[in-house]
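Asks: Below are the chains, spelled out letter by letter.
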Amino acid sequence: MKGALPLVFSIAWTHVRSRVRQTFVGIFGVAVGVGFSVMMAALMEGSQRDFVTQLVDSLPHVSVSDEQRWPPRQPADIAYEAAEIHGLTTKQLRPGIKNPYAIMASLEAWVPGAIAPSVQSKAVIRFAGRDTAASVTGVDPRREVNVSKLSTQIRSGSLENLFKASNAIILGSGLARKVGARVGNSVVVTAGTGRTISATVVGLFHSGVAQADDGQSFVLIKTAQILAGQTGLVNELRVRVKDVLSAREIAHRIEVETGYKSLSWQEANEDLLSALQIRNLIMYTVVGAILMVASFGTYNIISTITHEKTRDIAIMKSLGFPAGTVRRIFVVESMMIGVAGVLFGWVLGYLMSIGMAQVEIKSPFMDTTHLPILYSPTHYAMAALVALTASVIAGFFPARKAAALQPVDIIRGAS
Amino acid sequence: MKPPLIESRKLTRILDGEVPATLVSEIDVSIAAGEFVAITGPSGSGKSSLLYLLGLLDIPTAGEVLIDGRATSKLSEEARAQLRLETLGFVFQFHFLLPEFSALENVMLPMRALGRLSAAQMQTRAKDILGSLGLADHAHKRPDQMSGGQRQRVAIARALANDPLVVLADEPTGNLDTASTAQVIGILRTMIAGEAGKAVVVVTHDTGLAAQADRRIHIVDGKVDQPPVVISDVTD
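Quick note, the sequences are listed as chains E and L, same order. Under this note's numbering, the first residue of the first sequence carries the number 1, and numbering increases by one thereafter. Under this note's numbering, the first residue of the second sequence carries the number 416, and numbering increases by one thereafter.
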């Protein structure tokens with residue numbers, strides 16, 4: 001029997017239950033606010049994450065190359081405080097990282113993640129009389145799987161196929177289309193040094209980034225070294241770190257320890273990252289604004305419901321209900337509407353997120369993708385918190401105002 | 416000697432505003448147990464205001480209201496509410512029932528607010544009161560499913576819920592037809608004033624209702640006028 005329930009809850013429940021239309025409008029209002037907040041947050045943060053992921057994945061997290069950041073200091077500079085130097089002739093250095101495997105071993109001792117050596121060189125790939133310039137990167141397939149997504153991007157064949165032919169090459173899908181080569185064809189690779197080899201196409205990769213697909217190819221390190229005309233050459237170490245956000249610090253430490261220029265993905269994408277900060281600001285502003293607007297909607301509906309009950313508040317007070325009890329009735333009522341609204345809003349938001357995730361985006365530069373949606377409990381909790389706070393405030397203030405009146409003020413007005 | 420159930424001393428109420436309006440000015444009345452008192456007077460004379468002050472629904476600007484001998488002007492809002500709940504019952508011109516609740520639930524509200532009886536006892540008592548007012552069959556109807564007279568009787572039943580010392584009624588028959596009016600007057604007379612230690616105060620325009628009262632307090636311009644009883648004696 002209802003009489004057994006605490007008075008406040010049973011009165012609130014009776015109000016909520018018997019005023020179906022109001023209750024429905026209230027719940028609907030809260031649900032729409034919560035639902036759209038959740039959906040927009042999922043979309044905004046999803047696209048943000050997607051953007052960062054693409055940035056992070058397109059390059060090694062840290063790339064250690066055989067370049068130096070600054071030209072070496074001249075002896076005169078070291079000996080004197082001020083020196084003027086004329087007519088320097090650049091000394092031709094032997095390219096490549098010295099003792100790459102020793103450096104890798106020492107880095108592996110402390111870098112959290114994986115390291116793989118590679119050889120970068122430029123070449124012209126010739127097939128069926130067509131010449132196309134391309135980057136030829138020598139990789140170690142066994143180590144490469146740990147530092148890049150290359151192995152997952154192979155469309156025909158596999159990365160391991162590089163071992164299967166004496167001079168094996170994997171072409172980007174766009175590059176293969178340009179030269180007209182297929183798996184099994186033999187292409188002629190001419191390096192900048194003038195060395196020419198004949199290589200068998202053992203696979204095609206497709207990363208989805210046109211720049212890579214149209215101009216990149218992979219061979220074994222040994223093959224690349226032959227092309228470069230220098231045995232033992234390694235001119236880039238690729239590092240994949242466990243925590244992508246620590247890449248900058250790790251790159252700095254590698255640079256200090258080895259003296260070679262080491263570039264983190266953040267540094268390589270500095271311009272994009274500053275754009276990302278602006279996007280972040282926009283995202284939080286938009287999500288915040290939606291939550292604000294939604295909470296105003298919630299406030300409006302619930303405070304209207306409470307205002308309509310002003311007379312009942314006077315009646316209950318005249319009977320001798322303490323002001324606190326009357327206030328609590330309406331706060332509980334708005335909480336009931338708020339909680340129900342939040343639950344429906346969650347479902348609504350989830351369904352809308354799923355709906356948005358179905359939207360396909362077609363772009364000539366990238367593969368067809370879907371709208372990126374991030375399903376995060378934080379969004380749901382945040383939207384719920386804001387909606388519940390708004391409902392409680394919307395119930396509390398009008399009820400407090402009404403309960404603070406002398407009942408006679410309302411009774412006088414009514415009669 | 417037992418104190419009067421309600422007593423007012425120099426009761427004054429002035430409405431604040433750009434032009435302050437005096438509703439009630441220095442009124443001394445006392446309501447004794449067993450009395451059926453009618454407050455009469457022309458519209459705007461302040462008779463309803465006096466009733467609200469006596470019923471602790473309003474706070475006097477000056478003066479004092481004593482309920483069962485206890486001064487109330489210094490009481491907190493909560494204490495006044497509690498005193499209303501325990502000792503006073505109200506009936507207004509409009510029934511002022513809560514529209515979402517059945518007659519039975521409306522009658523039980525003050526009991527539940529007081530919380531002295533068990534749920535089952537409240538049910539029984541509310542049904543008894545409704546039954547004695549001839550509403551046993553309407554206990555589970557909501558106010559909008561009842562006639563005006565029935566609603567007003569439910570309102571009286573609710574006023575009686577916590578067995579109050581005094582029932583204060585503001586134009587209880589103002590919106591009723593003659594049959595219902597007679598019924599309501601009968602109830603107020605017999606059910607309440609008839610019981611030992613209880614009293615009824617009614618504000619009314621209705622001469623028929625006023626004639627039933629033991630005593631009439633005539634209010635003009637916020638002050639107690641000569642009792643009309645005396646005037647009618649003279650004209651006779």
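Keep in mind the hints are simulated off the structure, nothing from the lab. Do not take every clue at face value.
Unchecked claim - According to the in silico footprint, chain E covers these stretches of chain L (three or more CB under 8 angstroms from chain E): (1) 448-460; (2) 474-480.
Said to hold, decoys possible - Below, in silico cross-link-like pairs of lysine to any residue (SDA-like), each with a Cα-Cα straight-line distance of 25 angstroms or less: (3) K178/E - R130/E; (4) K149/E - L245/E; (5) K401/E - I429/L; (6) K242/E - Q266/E; (7) K401/E - H555/L; (8) K401/E - A494/L; (9) K556/L - W13/E; (10) K556/L - F9/E; (11) K149/E - E160/E; (12) K122/E - F9/E; (13) K638/L - S460/L; (14) K401/E - V635/L; (15) K556/L - L580/L; (16) K401/E - S460/L; (17) K638/L - L276/E; (18) K362/E - P377/E; (19) K489/L - F9/E; (20) K556/L - S10/E; (21) K489/L - T325/E; (22) K556/L - F24/E; (23) K91/E - E257/E; (24) K401/E - R495/L.
Since the structure is predicted, the reported quantities are computational estimates derived from the model, not experimental observations. By construction, the Cβ of each residue, glycine as well, lies at the ideal position given by its N, Cα and C atoms.
Asks: Out of the numbered hints, which ones does the structure contradict?
Replies: 1, 2, 7, 12, 14, 15, 16, 17, 18, 19
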